[in-house]
Amino acid sequence: MKLNHFPDHPLFSFVDWSLRGIGQVVFQNNPLSGLVILAALVWNSWIYAVICILGVISSTLTAVILRADRGMLRDGLYGFNGALVGLALVAFTSEDFRAGSIPSIAMVVYIICAAAFTTMALASIGALLAPHKVAPLTMPFVLVGWLFLFAVLKFDAIDAGPMAKPISPEQFSDTVPYVLSTWYEGIGTSIGQIFFQDNWISGYLILIAIGLNSRICAAMGLLGAIVGTLVAALYGGPEGAVRDGLFGYNSALTAMALGGVFLVFTWRSLLYAIFGAVIASWLWASVAIFLTPIGMPVLTSTFVLVTWLMLLGQGAFKALVPVPPAESTTPEDNRARYLGHQG
Amino acid sequence: MKLNHFPDHPLFSFVDWSLRGIGQVVFQNNPLSGLVILAALVWNSWIYAVICILGVISSTLTAVILRADRGMLRDGLYGFNGALVGLALVAFTSEDFRAGSIPSIAMVVYIICAAAFTTMALASIGALLAPHKVAPLTMPFVLVGWLFLFAVLKFDAIDAGPMAKPISPEQFSDTVPYVLSTWYEGIGTSIGQIFFQDNWISGYLILIAIGLNSRICAAMGLLGAIVGTLVAALYGGPEGAVRDGLFGYNSALTAMALGGVFLVFTWRSLLYAIFGAVIASWLWASVAIFLTPIGMPVLTSTFVLVTWLMLLGQGAFKALVPVPPAESTTPEDNRARYLGHQG
Amino acid sequence: MKLNHFPDHPLFSFVDWSLRGIGQVVFQNNPLSGLVILAALVWNSWIYAVICILGVISSTLTAVILRADRGMLRDGLYGFNGALVGLALVAFTSEDFRAGSIPSIAMVVYIICAAAFTTMALASIGALLAPHKVAPLTMPFVLVGWLFLFAVLKFDAIDAGPMAKPISPEQFSDTVPYVLSTWYEGIGTSIGQIFFQDNWISGYLILIAIGLNSRICAAMGLLGAIVGTLVAALYGGPEGAVRDGLFGYNSALTAMALGGVFLVFTWRSLLYAIFGAVIASWLWASVAIFLTPIGMPVLTSTFVLVTWLMLLGQGAFKALVPVPPAESTTPEDNRARYLGHQG
Chain A
1 MKLNHFPDHP
11 LFSFVDWSLR
21 GIGQVVFQNN
31 PLSGLVILAA
41 LVWNSWIYAV
51 ICILGVISST
61 LTAVILRADR
71 GMLRDGLYGF
81 NGALVGLALV
91 AFTSEDFRAG
101 SIPSIAMVVY
111 IICAAAFTTM
121 ALASIGALLA
131 PHKVAPLTMP
141 FVLVGWLFLF
151 AVLKFDAIDA
161 GPMAKPISPE
171 QFSDTVPYVL
181 STWYEGIGTS
191 IGQIFFQDNW
201 ISGYLILIAI
211 GLNSRICAAM
221 GLLGAIVGTL
231 VAALYGGPEG
241 AVRDGLFGYN
251 SALTAMALGG
261 VFLVFTWRSL
271 LYAIFGAVIA
281 SWLWASVAIF
291 LTPIGMPVLT
301 STFVLVTWLM
311 LLGQGAFKAL
321 VPVPPAESTT
331 PEDNRARYLG
341 HQG
Chain B
1 MKLNHFPDHP
11 LFSFVDWSLR
21 GIGQVVFQNN
31 PLSGLVILAA
41 LVWNSWIYAV
51 ICILGVISST
61 LTAVILRADR
71 GMLRDGLYGF
81 NGALVGLALV
91 AFTSEDFRAG
101 SIPSIAMVVY
111 IICAAAFTTM
121 ALASIGALLA
131 PHKVAPLTMP
141 FVLVGWLFLF
151 AVLKFDAIDA
161 GPMAKPISPE
171 QFSDTVPYVL
181 STWYEGIGTS
191 IGQIFFQDNW
201 ISGYLILIAI
211 GLNSRICAAM
221 GLLGAIVGTL
231 VAALYGGPEG
241 AVRDGLFGYN
251 SALTAMALGG
261 VFLVFTWRSL
271 LYAIFGAVIA
281 SWLWASVAIF
291 LTPIGMPVLT
301 STFVLVTWLM
311 LLGQGAFKAL
321 VPVPPAESTT
331 PEDNRARYLG
341 HQG
Chain C
1 MKLNHFPDHP
11 LFSFVDWSLR
21 GIGQVVFQNN
31 PLSGLVILAA
41 LVWNSWIYAV
51 ICILGVISST
61 LTAVILRADR
71 GMLRDGLYGF
81 NGALVGLALV
91 AFTSEDFRAG
101 SIPSIAMVVY
111 IICAAAFTTM
121 ALASIGALLA
131 PHKVAPLTMP
141 FVLVGWLFLF
151 AVLKFDAIDA
161 GPMAKPISPE
171 QFSDTVPYVL
181 STWYEGIGTS
191 IGQIFFQDNW
201 ISGYLILIAI
211 GLNSRICAAM
221 GLLGAIVGTL
231 VAALYGGPEG
241 AVRDGLFGYN
251 SALTAMALGG
261 VFLVFTWRSL
271 LYAIFGAVIA
281 SWLWASVAIF
291 LTPIGMPVLT
301 STFVLVTWLM
311 LLGQGAFKAL
321 VPVPPAESTT
331 PEDNRARYLG
341 HQG
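Residue numbers (UniProt numbering), protein chains in the order written: chain A, 1 to 343; chain B, 1 to 343; chain C, 1 to 343.
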């Protein structure tokens, strides 16, 4: 008689894929990174951790049911948009943004369907971008997140909450001075905001989760958060928005994407990534102001927009060395393969 | 002496193409379906029937003048967006949405040009989507409709009317209870709203027109309307909007598109289509709320968005069997061809 | 001893590319056209001329640093979006739109980065459109312009100015009668508005600059401006907006693009271009009204939208003879090559 070996059990595979899915929010195809990120969420609020798991399971399971490509499933690529859409729907319908509220049954059904829909959106956006060798990034989440957030404001069965969280620089006071904690909290919270965690310690924990898989990614994420925060300060962004990490989270993601993940890490791509982080910080303010009249949060739209505009035309610029999404692993590996290929 | 055989006369071909164009709004490449739909419009208001004919002629004739592909012309594919844009421009500039008003000369010229422009938009969106084997659906109408409706609000020579029709769930009272007629009227009007007919009997007549060509399509259209209405009721949509069929028309179109027209009709695609109908109902509310500040109606944007997002990535999901638009006829034929191919 | 021949010096090449970049705003790959346009700007305000040079240098230099294709650089294609974005950012942040204000240091840095970003946007939009043989037109400018204008409204370090310039037909009085000067000033300013010059003499000077390289282009630009202005008058557009050239500048660009530059100049494409100019005039009003709640100007979005919708599907219409962007020179040459090919 032969025992079922645990690691071969489908359930264990599924847990592995889901943890990688959580890691993929910050480009880390690593279940341990996913686990540490969950711990960072629990540090801030166990509700968010549970919702994150719900979202990643719904979207990954949908991909299994629709018989999606195994390779992409195994890399967690069908999970990260579902995780984010769950977090966003709870964050912006909770009375207290920071801690989150336990959603109603109607809301849970709604979140499950939204997360499942991101799986279809990912396949569709992926198909559109395939000829250009550019990844969908978090666009499925942004699109589905916006669409499902609008409806929430209307349906009786879902309590929309007071949208207590300011979502645009205009909604912060201009007169508060910058202090030391503005800086270290703002930079940490920039990383936290990627997962809607308004908690700077959670942010630094997430940075550690990234570093477990790739030090270059962690360094670029930190650098992006610093650049985004610095640009906001130089251009007079309000202290509250800087402290809340709002100017930094898109910059952090942009810096990681351009600095090693989708471009081989070189001095040139480092400068390119810093330029992208500067633009992403300005454009967070832009998109926030654009969305204010309809009360919608920016989500990670600025990161997607800037990164797409800086990657889609990569073939035109000989100064850059693209890494096709299907071949991208970690910045360290991407660079080693490129150098090996060169030498 | 030889008589001109009527069926060969170019004028008769043109009438045939135009009637098919009206049928193509609901995916029916059948002149009889087009004729019964016209009758359903006359039942509600002869003005709408005339405008529908004006729109379909303008866009079809433009395609003839520009020497478009004969096959597409013959299938009525250059007509349906023109018909819809004509109906929309009259519906949203009439004092009485239900009956419509006779447009001014300036407005007639405007409608003719808008309908002609949908022909160019169809070719363009078709070119963009061609590599993905997904149809433009009613996107040319939605895009041109929005663009031309905005301008209407400004030009002196065109009377914009009071936009008396509520276009968003927010504009209906939340306190009216659901009664029996909410259901049978709401479901019928869902089909009617596809053609801007605020009349539940016209809706059921259109369903018959669909059934003349494809029973699966008629069944899926009805199922979609029921699902859309039911979801709205469960999630507390206002009674007035449910009765007006506003939650159901995008769901009806989505269910038809996914349940047999562009995916082979199977148990799997049936479930996929129901899921799509649920999403389309929620997202109607979303887009309506998004558009409220600028006073613009949703049109069929939700149907297009949901259907595109569920079809563009079809290649990634082995559980679905796509039907390329160029090969799609009726759900019955699409299924028969697939089964024949399998057997 | 051998002298450095002036024309071979890299600096001279760069000046040549930059002047062509200014000419490319109106499709003229000719340094002399660029120079005369600069003179037209100086006629109105030396500030705009300097900003135009700053923008074109920033975006062209970015392309050089990123090692972009030499052929495109030489044709000035990396310059025109940078020039426009510089002009737009100054125009809409100046207290006096007509004369412009000298920007602050923070604003200069901002303009340089925005112009540099148009280079990446051009490569990206170009990559997306390449399979369809359609040019990015001024879309990089429109997109980057909008994104950077929104943020301007917020940052403390940049003075947003009062946006004193009306940007939508709604903001003009409806009661002012049309007089003779409405016509000749409105038509001239339509050409001037392409470069944000609220000056009809500058407009006619720019028309001369175009005519130095292509008489057909100059004629089509003038015709487009006349058509746009006429349509506005027929449909009751406010006198102030007509006089300011707001109804005409998108029509002028559309008529040039469709009448000879991207379609071989024939009687058919002439009629097609006039139809496009009519649509562009109506849709300027549409987009202006759409953008009013967020206080954003239309820029040349209507031109891009109409021209794309009329060109992307060009393969479907046998009545049109497309000129692929990479082969397009002047309407005269495009037509001569086609006729030579035919004969």
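In case anyone wonders, no lab produced these hints; they're calculated from the structure.
We put the CB at the ideal spot given by N, CA and C, even for glycine.
Errors might be hidden in some of the hints.
Stated by the list, open to error - Covered stretches of chain A, going by a simulated chain C footprint (3 or more residues, C-beta under 8 Å):
id	segment
1	137 to 145
2	304 to 315
Claimed, not checked - Below, a list of computed lysine-lysine pairs in the PhoX-like style, where the Cα atoms sit at most 25 Å apart:
id	chain 1	residue 1	chain 2	residue 2
3	A	K133	C	K318
4	B	K133	C	K133
5	C	K318	B	K318
6	A	K133	B	K318
7	C	K133	A	K318
8	A	K318	A	K133
9	A	K133	B	K133
10	B	K133	B	K318
As the list claims (entries may be wrong) - Here are the simulated distance ranges between beta carbons:
id	chain 1	residue 1	chain 2	residue 2	range
11	C	E327	A	I201	38 to 44 Å
12	C	G295	B	W267	49 to 55 Å
13	B	S13	A	I65	42 to 48 Å
14	B	Q342	A	G295	37 to 43 Å
15	A	L35	C	E95	44 to 50 Å
Consistency of the hints with the structure:
1. 137 to 145: Violated: only 0 residues of the segment 137 to 145 of chain A have a Cβ under 8 Å from chain C.
2. 304 to 315: Our answer is that it holds, as 9 residues pass the Cβ test (under 8 Å) against chain C, meeting three.
3. A:K133 / C:K318: violated (33 Å)
4. B:K133 / C:K133: Holds, because 19 Å separates the two Cα atoms, which is no more than 25 Å.
5. C:K318 / B:K318: violated (38 Å)
6. A:K133 / B:K318: Holds - the C-alpha atoms of K318 of chain B and K133 of chain A are around 22 Å apart, at most 25 Å.
7. C:K133 / A:K318: With a Cα-Cα distance of about 22 Å, the restraint between K133 of chain C and K318 of chain A holds, given a limit of 25 Å.
8. A:K318 / A:K133: Within the cut-off at roughly 16 Å; holds.
9. A:K133 / B:K133: The given pair, whose Cα atoms are some 19 Å apart, holds under the 25 Å limit.
10. B:K133 / B:K318: holds (16 Å)
11. C:E327 / A:I201: 38 to 44 Å: Between E327 of chain C and I201 of chain A, where Cβ atoms are some 59 Å apart, the hint is violated.
12. C:G295 / B:W267: 49 to 55 Å: Once the Cβ atoms are compared, 52 Å apart, the range 49 to 55 Å for W267 of chain B and G295 of chain C holds.
13. B:S13 / A:I65: 42 to 48 Å: At 47 Å between Cβs, range holds.
14. B:Q342 / A:G295: 37 to 43 Å: Given about 51 Å between the Cβ atoms, the range is violated.
15. A:L35 / C:E95: 44 to 50 Å: The hint (44 to 50 Å, Cβ to Cβ) is violated, given that L35 of chain A and E95 of chain C are roughly 57 Å apart.
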